[in-house]
Amino acid sequence: MDRREFICISSGGSLMLPEMMHALRAQATSGGPVDCNFMLGPSSRIPNAYEKVEDVIAEMDYYGIEQVLAYHSYSRFIDAGQGNELIAGIARQSHRVRPCWVIYPSPAELPNPEEFVERMHARDIRALRIFPGQRDPNTFGLPVRSWSFGSLFSALEQHRVPLFVERPLLSWEEIYDVATRFKRLPFVILDAHFGESRNIYTLLELCPNLYFGTTYLLLFNGLDDMVRRFGAERFLFDSGLPEREPSMVLPIIYFSRIREQQKQLILRGNFERLWGSAYGG
Amino acid sequence: MADDSIYQAVRGGRIPKGLSAIDVHCHFGRFSNYYIPNNDVNAMISAMDLLGIRQAWISSIVAIFNDVRGGNKEVAQALRDHPDHFLGTTVVNPNFPEQLKDELKRCYEEFGFRAVKLHCPVHRYSVGGAAYEAVWKFASEKKVPVLAHTLEDDMSHVERIGKEYPDLVLIVAHANQLQFEACFKVVGSLPNVYTDIVSSGFPYGLIERMVKAVGSEKVLFGTDVPYLDPVSQWGKLAFARLDDGAKENIYLRNAEKIRSRI
Numbered sequence: 027m028d029r030r031e032f033i034c035i036s037s038g039g040s041l042m043l044p045e046m047m048h049a050l051r052a053q054a055t056s057g058g059p060v061d062c063n064f065m066l067g068p069s070s071r072i073p074n075a076y077e078k079v080e081d082v083i084a085e086m087d088y089y090g091i092e093q094v095l096a097y098h099s100y101s102r103f104i105d106a107g108q109g110n111e112l113i114a115g116i117a118r119q120s121h122r123v124r125p126c127w128v129i130y131p132s133p134a135e136l137p138n139p140e141e142f143v144e145r146m147h148a149r150d151i152r153a154l155r156i157f158p159g160q161r162d163p164n165t166f167g168l169p170v171r172s173w174s175f176g177s178l179f180s181a182l183e184q185h186r187v188p189l190f191v192e193r194p195l196l197s198w199e200e201i202y203d204v205a206t207r208f209k210r211l212p213f214v215i216l217d218a219h220f221g222e223s224r225n226i227y228t229l230l231e232l233c234p235n236l237y238f239g240t241t242y243l244l245l246f247n248g249l250d251d252m253v254r255r256f257g258a259e260r261f262l263f264d265s266g267l268p269e270r271e272p273s274m275v276l277p278i279i280y281f282s283r284i285r286e287q288q289k290q291l292i293l294r295g296n297f298e299r300l301w302g303s304a305y306g307g
Numbered sequence: 362m363a364d365d366s367i368y369q370a371v372r373g374g375r376i377p378k379g380l381s382a383i384d385v386h387c388h389f390g391r392f393s394n395y396y397i398p399n400n401d402v403n404a405m406i407s408a409m410d411l412l413g414i415r416q417a418w419i420s421s422i423v424a425i426f427n428d429v430r431g432g433n434k435e436v437a438q439a440l441r442d443h444p445d446h447f448l449g450t451t452v453v454n455p456n457f458p459e460q461l462k463d464e465l466k467r468c469y470e471e472f473g474f475r476a477v478k479l480h481c482p483v484h485r486y487s488v489g490g491a492a493y494e495a496v497w498k499f500a501s502e503k504k505v506p507v508l509a510h511t512l513e514d515d516m517s518h519v520e521r522i523g524k525e526y527p528d529l530v531l532i533v534a535h536a537n538q539l540q541f542e543a544c545f546k547v548v549g550s551l552p553n554v555y556t557d558i559v560s561s562g563f564p565y566g567l568i569e570r571m572v573k574a575v576g577s578e579k580v581l582f583g584t585d586v587p588y589l590d591p592v593s594q595w596g597k598l599a600f601a602r603l604d605d606g607a608k609e610n611i612y613l614r615n616a617e618k619i620r621s622r623i
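So the protein lines, in turn, are chains C and X.
Mapping of the first sequence onto our numbering: residues 27 to 307, in sequence order.
Mapping of the second sequence onto our numbering: residues 362 to 623, in sequence order.
None of these hints come from the bench; they were simulated from the model.
The C-beta atom is built at its ideal place from N, Cα and C for all residues, glycine as well.
Careful: at least some of the hints might be erroneous.
Stated by the list, open to error - Facing chain C, from chain X, some residues (calculated, C-beta under 10 Å):
1. TYR396
2. ASN400
3. MET405
4. PRO587
Unchecked claim - Have a look at the derived ranges for each label pair, beta carbon to beta carbon:
5. ARG210/C x ASP445/X: 49 to 59 Å
6. GLU525/X x ASP105/C: 48 to 58 Å
7. ASN399/X x SER70/C: 36 to 46 Å
8. ASN394/X x SER172/C: 26 to 36 Å
9. GLU231/C x ASP528/X: 50 to 60 Å
10. GLU144/C x ASN403/X: 48 to 58 Å
11. LYS524/X x GLU231/C: 51 to 61 Å
12. GLU617/X x HIS147/C: 54 to 64 Å
13. ASN74/C x GLU470/X: 42 to 52 Å
14. ASN403/X x ALA134/C: 54 to 64 Å
Please put together the full structure from these sequences, using the hints given.
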């Protein structure tokens with residue numbers, strides 16, 4: 027059996043309509059953390075990449091993670107269209123997986139960004155991830171410029187679809203440029219390193235539509251301080267599984283001196299808000 | 362205590378009652394490379410109390426990067442102010458070998474420091490360099506542990522030093538970062554060489570690999586405060602797929618054994 031087929035079939039259960047799945051996910055809103063940085067599917071680089079949905083669920087249970095926003099490894103490394111269908115299929119079968127699509131923005135592959143976002147809407151896909159960059163062979167070979175990503179960002183902005191991207195794949199200048207040019211685009215930066223705290227603080231101050239994943243926000247007293255200055259609304263729990271563990275960042279959130287309500291926003295509420303606001307709610 | 366009570370507690374968002382730790386890899390003082398909020402001694406102690414860290418072995422950032430004597434003196438003041446919380450760690454700079462012996466002596470006798478810290482990348486000096494011979498002799502004689510942040514190809518030197526100085530306790534900081542396997546080989550084969558769990562990036566399952574390779578008796582807990590939030594290091598051990606006994610070795614018992622030799 028093809029490994030990709032295995033992922034879909036092994037998750038079991040009958041297919042559900044998007045509305046039913048939406049209702050199931052909504053029922054779980056009082057629950058545990060939602061991890062907004064999760065990869066499903068095989069990977070030659072990551073020994074423990076998840077190939078079976080039951081393995082994913084077991085891993086989520088180990089860390090007490092209730093749901094994940096996941097993209098498929100095929101979307102990043104092989105073929106966006108194929109990977110996007112695979113993750114949509116998995117998400118139809120498990121309410122604990124929320125699908126995140128990936129796209130390569132060139133005229134040949136994405137002739138009409140607006141149409142693509144409409145297609146996402148029709149499939150209830152409420153988040154997009156890109157892997158820009160020119161040096162790393164695991165990226166799309168495109169820098170983040172208005173001529174490369176501009177029309178896509180514009181379509182996402184119009185529909186308030188959150189965009190997720192890893193900080194090492196673009197420069198701070200590019201982040202600033204996108205956040206200020208597309209002011210209503212919910213723009214989530216993952217893997218921003220605590221050693222770049224001055225950049226993080228400055229852009230949180232300047233760009234209200236900018237959000238940060240928490241994985242690498244390991245700054246001593248950092249979460250307390252950033253929440254106090256910028257509000258808990260600007261941070262989202264993410265793990266980087268299966269490459270990394272959430273074992274450093276989850277306790278930081280749990281044991282920080284911020285209010286319980288603020289912890290819940292970071293662990294889940296902020297993601298729910300962005301997810302729920304896409305396409306006007 | 363059940364075998365996985367530490368894991369069960371952290372998964373539930375709790376810190377297990379009665380769990381104590383010794384932080385063998387901790388710093389002290391200001392740092393200019395990035396902004397660190399509330400980086401003062403009160404914040405350090407507050408974090409230690411939260412996590413049950415009985416004692417932190419602190420070395421001066423000022424001494425590592427800029428001013429050996431001035432930085433060590435700052436740690437001496439912190440030690441005077443908080444003798445129950447800290448153990449002073451002498452920083453030496455091998456690029457000034459004529460001052461090195463005096464600083465070891467001054468910090469040991471005058472300030473009561475009972476560990477030594479070497480930072481090979483900052484000082485651009487291999488752990489196998491001649492200037493460090495005085496450190497190995499001093500530390501062997503006084504039975505004080507040496508925490509060495511080594512260069513990535515330093516493990517053959519560590520092996521030689523560990524064999525030549527059997528009374529020395531040498532801790533390889535950060536599991537030698539880039540050369541994990543080489544580090545595990547040396548730590549696993551020499552009874553007086555240890556490593557610690559401290560790191561910012563952390564590949565999936567590394568603590569489990571570390572313990573499998575060298576045993577939980579050879580791994581030490583550290584936090585790298587104030588570079589890192591100590592909860593991050595505490596948490597990754599709490600979540601590791603190890604039984605409580607192995608975790609307690611790492612959090613506390615191994616460091617207690619080393620300290621009892623001093």
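Now the hints, each set against the structure:
1. For TYR396/X, the suggested interface contact is upheld, since its CB lies about 4 Å from the closest CB of chain C, less than 10 Å.
2. Residue-level restraint check for ASN400/X holds (minimum Cβ-Cβ distance to chain C is 6 Å; threshold 10 Å).
3. A hinted interface residue such as MET405/X counts as satisfied when its beta carbon comes closer than 10 Å to some beta carbon of chain C; here the least separation is about 9 Å, so the hint holds.
4. Evaluation of the PRO587/X hint against chain C yields a held restraint, the C-beta minimum of about 4 Å falling below 10 Å.
5. For ARG210/C and ASP445/X, the hinted distance range of 49 to 59 Å is satisfied, since their beta carbons lie about 54 Å from each other.
6. Distance hint check: the CB atoms of GLU525/X and ASP105/C are about 57 Å apart, consistent with the given range 48 to 58 Å.
7. A hinted range of 36 to 46 Å for the beta carbons of ASN399/X and SER70/C is consistent with their spacing of about 43 Å.
8. Remark: the range hint 26 to 36 Å for ASN394/X to SER172/C is upheld by a beta-carbon distance near 33 Å.
9. Range check, GLU231/C to ASP528/X: about 54 Å between beta-carbon atoms, so the 50 to 60 Å window is met.
10. For the hinted restraint 48 to 58 Å between GLU144/C and ASN403/X, the CB-CB distance of approximately 55 Å keeps it satisfied.
11. At about 54 Å, the CB distance of LYS524/X to GLU231/C agrees with the hint of 51 to 61 Å.
12. Range check, GLU617/X to HIS147/C: about 60 Å between beta-carbon atoms, so the 54 to 64 Å window is met.
13. Between ASN74/C and GLU470/X the Cβ separation comes to about 51 Å, which falls inside the hinted range of 42 to 52 Å.
14. Range check, ASN403/X to ALA134/C: Cβ separation about 60 Å, and the 54 to 64 Å hint holds.
The structure fails none of the hints (numbered hints given earlier).
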